[in-house]
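Going down the list, the sequences are from chains A and B.
For the first sequence, position 202 (counting from the first letter as 1) is numbered 560 according to this note's numbering, and the numbering increases by one without interruption.
For the second sequence, position 350 (counting from the first letter as 1) is numbered 708 according to this note's numbering, and the numbering increases by one without interruption.
Misleading hints may appear alongside valid ones.
All copies of an identical chain are treated as equivalent in the list; a pair is satisfied when it fits inside any one copy or across any two copies.
[As the list claims (entries may be wrong)] Under the rule of at most 20 Å between Cα atoms (straight-line distance), these lysine to any residue pairs were calculated in the SDA-like manner:
#, residue 1, residue 2
1, Lys643, Ser529
2, Lys625, Lys653
3, Lys625, Pro605
4, Lys678, Thr442
5, Lys643, Asp526
6, Lys380, Glu409
7, Lys495, Gly506
8, Lys479, Thr381
9, Lys653, Glu622
10, Lys724, Phe399
11, Lys653, Gly624
12, Lys732, Pro605
13, Lys643, Gly528
14, Lys479, Ala647
Just so you know, these hints were derived from the structure itself, not from any lab.
Here the structure is a predicted model, which is why all the values come from computation and not from measurement.
What follows is the residue order along each chain.
Protein chains: 2
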Amino acid sequence: MSENKLRFGIIGVGNMGSGHVKTLLAGQVEGAELTAVCDGFEPKREWAKKEWPGLPVFEDSASMIDSGLVDAVVVATPHYDHPTEAIQAFAKGMHVLIEKPAGVYVKQVRKMNEAAAASGKTFGIMYNQRMNPLYQKLRELVVSGELGEIRRTNWIITNWYRSQAYYDSGSWRATWAGEGGGVLINQCPHNLDLWQWAVGGLMPVRVRAFCQFGKHRSIEVENDVTAYVEYDNGATGVFITSTADAPGTNRFEVTGDRGKIVIEDGKMTFWRLRESEQEFNARNKASFASPECWKIDIPSSGKSPEHRGILQNFTNAVLKGEKLVAPGEEGIYGLTISNAMHLSTWLDDWVDLPFNEDLHEAELNKRIAASSFKKPETEQTAAPADLTGTH
Amino acid sequence: MSENKLRFGIIGVGNMGSGHVKTLLAGQVEGAELTAVCDGFEPKREWAKKEWPGLPVFEDSASMIDSGLVDAVVVATPHYDHPTEAIQAFAKGMHVLIEKPAGVYVKQVRKMNEAAAASGKTFGIMYNQRMNPLYQKLRELVVSGELGEIRRTNWIITNWYRSQAYYDSGSWRATWAGEGGGVLINQCPHNLDLWQWAVGGLMPVRVRAFCQFGKHRSIEVENDVTAYVEYDNGATGVFITSTADAPGTNRFEVTGDRGKIVIEDGKMTFWRLRESEQEFNARNKASFASPECWKIDIPSSGKSPEHRGILQNFTNAVLKGEKLVAPGEEGIYGLTISNAMHLSTWLDDWVDLPFNEDLHEAELNKRIAASSFKKPETEQTAAPADLTGTH
Chain A
359 MSENKLRFGI IGVGNMGSGH VKTLLAGQVE GAELTAVCDG FEPKREWAKK
409 EWPGLPVFED SASMIDSGLV DAVVVATPHY DHPTEAIQAF AKGMHVLIEK
459 PAGVYVKQVR KMNEAAAASG KTFGIMYNQR MNPLYQKLRE LVVSGELGEI
509 RRTNWIITNW YRSQAYYDSG SWRATWAGEG GGVLINQCPH NLDLWQWAVG
559 GLMPVRVRAF CQFGKHRSIE VENDVTAYVE YDNGATGVFI TSTADAPGTN
609 RFEVTGDRGK IVIEDGKMTF WRLRESEQEF NARNKASFAS PECWKIDIPS
659 SGKSPEHRGI LQNFTNAVLK GEKLVAPGEE GIYGLTISNA MHLSTWLDDW
709 VDLPFNEDLH EAELNKRIAA SSFKKPETEQ TAAPADLTGT H
Chain B
359 MSENKLRFGI IGVGNMGSGH VKTLLAGQVE GAELTAVCDG FEPKREWAKK
409 EWPGLPVFED SASMIDSGLV DAVVVATPHY DHPTEAIQAF AKGMHVLIEK
459 PAGVYVKQVR KMNEAAAASG KTFGIMYNQR MNPLYQKLRE LVVSGELGEI
509 RRTNWIITNW YRSQAYYDSG SWRATWAGEG GGVLINQCPH NLDLWQWAVG
559 GLMPVRVRAF CQFGKHRSIE VENDVTAYVE YDNGATGVFI TSTADAPGTN
609 RFEVTGDRGK IVIEDGKMTF WRLRESEQEF NARNKASFAS PECWKIDIPS
659 SGKSPEHRGI LQNFTNAVLK GEKLVAPGEE GIYGLTISNA MHLSTWLDDW
709 VDLPFNEDLH EAELNKRIAA SSFKKPETEQ TAAPADLTGT H
């Protein structure tokens, strides 16, 4: 680290990676500097050299890291390669920030987490939606006990409209071999993470999911999912997502013993009971009475710093020991839920957590073998797509 | 029928029945008059005689009907008896309006529908929420094609708060022998009916439901339900209900090929696509484009006439041949969904519709046999409970 600066190298300058390059080059992350990038695809390297003159561009992460130019890497490759790249980088003493999802299957991600722990380096994941003040506030209200014990979670997150043109824009897209899943792996990792993180790290104990594959679209993977889960305390949850609904909905409702919180349209409303439901029920004698409830608009606490916020927090963690908002090891939680949803659908049955990871991998491998996309003919375009409006 | 008046007799002057008595005595239903009531419970008959001096009060429906005083009956007995009473009344040439639910199990209701058809008399069901302009408008928008083909239905109807005091107010309450079910049978019949009626009579083809029994309450039956359904066209649906959530939610979202309609807080919003999603998807070439969408507040068309509206429509059907808004035969639809939810939970498996009615009856009978409530020691209070705020 030169002059108290953390020197970043970006692995993969595709859609997400090139966004991080721009953020860093613009000097938006205090204490961070961008010192190199790498990409395995030649036209993309040529594009990068023209786009960012003077920035060292490498063919692969190993040579970039071996150059001694970087202290930390951001892994922004295709999903499947996140754990492989991270494990290699940890072995070379790098701090590592991975893009979401942590990987495509839990078994692979568990190995990455072990490598991170063994290295002692800083490990983060680009869960930029954890920087959103709304979800941070929800987490704070749950953790502090304001909402009481959780009774029900319900997230309808169907505002991921993707046309056939989107799916046709890369032959790897929405294939088992190319992405390892559909809306659960590509669009929803943030939401699957927040579904547990924002309610205080509450994970389901069993999952019964109903994935529909290629619904209204010519694709291999799931693009319409309804999942029901149960928690250890008897609470239940529902998660609904789709990429074919227009205009779609993003509404997250969490019910507790002290009321109900709804996040919708970028606003949080808290219907707060004056006393807990349990206390009211214990003392109430009237047949049709219900607990006194106050509707509260929770004030907004500003805009989310999103990706820049995660880059800043990660940089501060390395340089100043700041606590990570999104530790890399926590990427396994959302992916566990995601994998369980696939497995439940494939088996047409309940999946208890933790699930049989070998069985999941075997089932996934069947679908990869039958996939229309064959690695490693990774097809990419030289210039990143316009991702305006995506997350 | 005297002087073009339809003479009503009410069977059962409990909570609902006494409400209908008041409506009719107040002259709120044109063309209808109340000429008799009956109740099998002596203290209730005494109470009725004091409450409504001069109104003939009978011990049972047979003697009330045989008196020649009535042309039509309203069946407002406990749920289990609706079909029995209706079948007897049809046999005696009565027009019959039954309270919801149509019955407790489909097999029983099917017999009632056969009796109604054989009688040729007018047969209605007190689905008063079908009179709500919001649900009527939704149905009209679906049937007219404004919303396009249905893709998803989602109803969170958890605003049925019932304390332990409510359940303790009658030993028959929330027992298998006394009610034959919980929130699905007592609170939700309207919603289970509207879930299909308001989307143009679209019935699920299979159901996977998760009922929780006696959740946060000391009762036998289900009071927390999450159900997933699939329709013939591949559309999916979710129905969530509970009596222990406070303050609860009532939000009905329906997505179609032409957009999305949400009914919440007594308001309807239609997010309408300028062209259908299917047409847009077929012509679109841009990776991240989505169909143009207009958010429309559908104007409210007034208050619902509720029970009075159903009584008026039923009266007009008999006297003037007006089309019934809620034909009695249609009570079987919501009950079919309700029974399938129970059966799916009991079997911990999918239930295809139509389901095995004998299996359902056998499973229900097991629970009746083990129930804490033993018929016919029906416990009732002489005066009806205050039902203000219920439906």
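Results of checking the hints against the structure:
Taking the shortest Cα distances, Lys643 and Ser529 sit within 20 Å of each other only across copies (16 Å), while inside one copy they are farther apart (64 Å). For the identical chains of this complex, Lys625 and Lys653 are neighbours both inside a copy (13 Å) and across copies (18 Å), given an alpha-carbon limit of 20 Å. Taking the closest pair of Cα atoms, Lys625 and Pro605 come within 20 Å of each other both inside a single copy (18 Å) and across two copies (19 Å). For a Cα distance limit of 20 Å, the shortest separation of Lys678 from Thr442 qualifies neither inside one copy, at 28 Å, nor across copies, at 77 Å.
Taking the closest pair of Cα atoms, Lys643 and Asp526 come within 20 Å of each other only across two copies (9 Å); inside a single copy the shortest separation is 62 Å, beyond that limit. In the homo-oligomer, the alpha carbons of Lys380 and Glu409 lie at most 20 Å apart inside one protomer (10 Å), although the nearest pairing across protomers, at 80 Å, exceeds that limit. In this assembly of identical chains, Lys495 and Gly506 lie within 20 Å of each other by CA distance solely inside one copy; the values are 15 Å within and 38 Å between copies. Taking identical chains as interchangeable, the C-alpha atoms of Lys479 and Thr381 are never at most 20 Å apart, the minima being 23 Å within one chain and 75 Å between chains.
With identical chains, the CA atoms of Lys653 and Glu622 are at most 20 Å apart both within one copy (15 Å) and between copies (15 Å). For a Cα distance limit of 20 Å, the shortest separation of Lys724 from Phe399 qualifies neither inside one copy, at 28 Å, nor across copies, at 66 Å. Both within a single protomer and between protomers do Lys653 and Gly624 lie at most 20 Å apart by alpha-carbon distance, with minima of 17 Å and 17 Å respectively. In this assembly of identical chains, the alpha carbons of Lys732 and Pro605 never lie at most 20 Å apart, being 33 Å within a copy and 52 Å across copies at closest.
Taking the closest pair of Cα atoms, Lys643 and Gly528 come within 20 Å of each other only across two copies (13 Å); inside a single copy the shortest separation is 64 Å, beyond that limit. In the homo-oligomer, the alpha carbons of Lys479 and Ala647 never lie at most 20 Å apart, since the shortest distance is 56 Å inside one protomer and 41 Å across protomers.
Hints 4, 8, 10, 12 and 14 from the list above are not met by this structure, while the remaining hints are.
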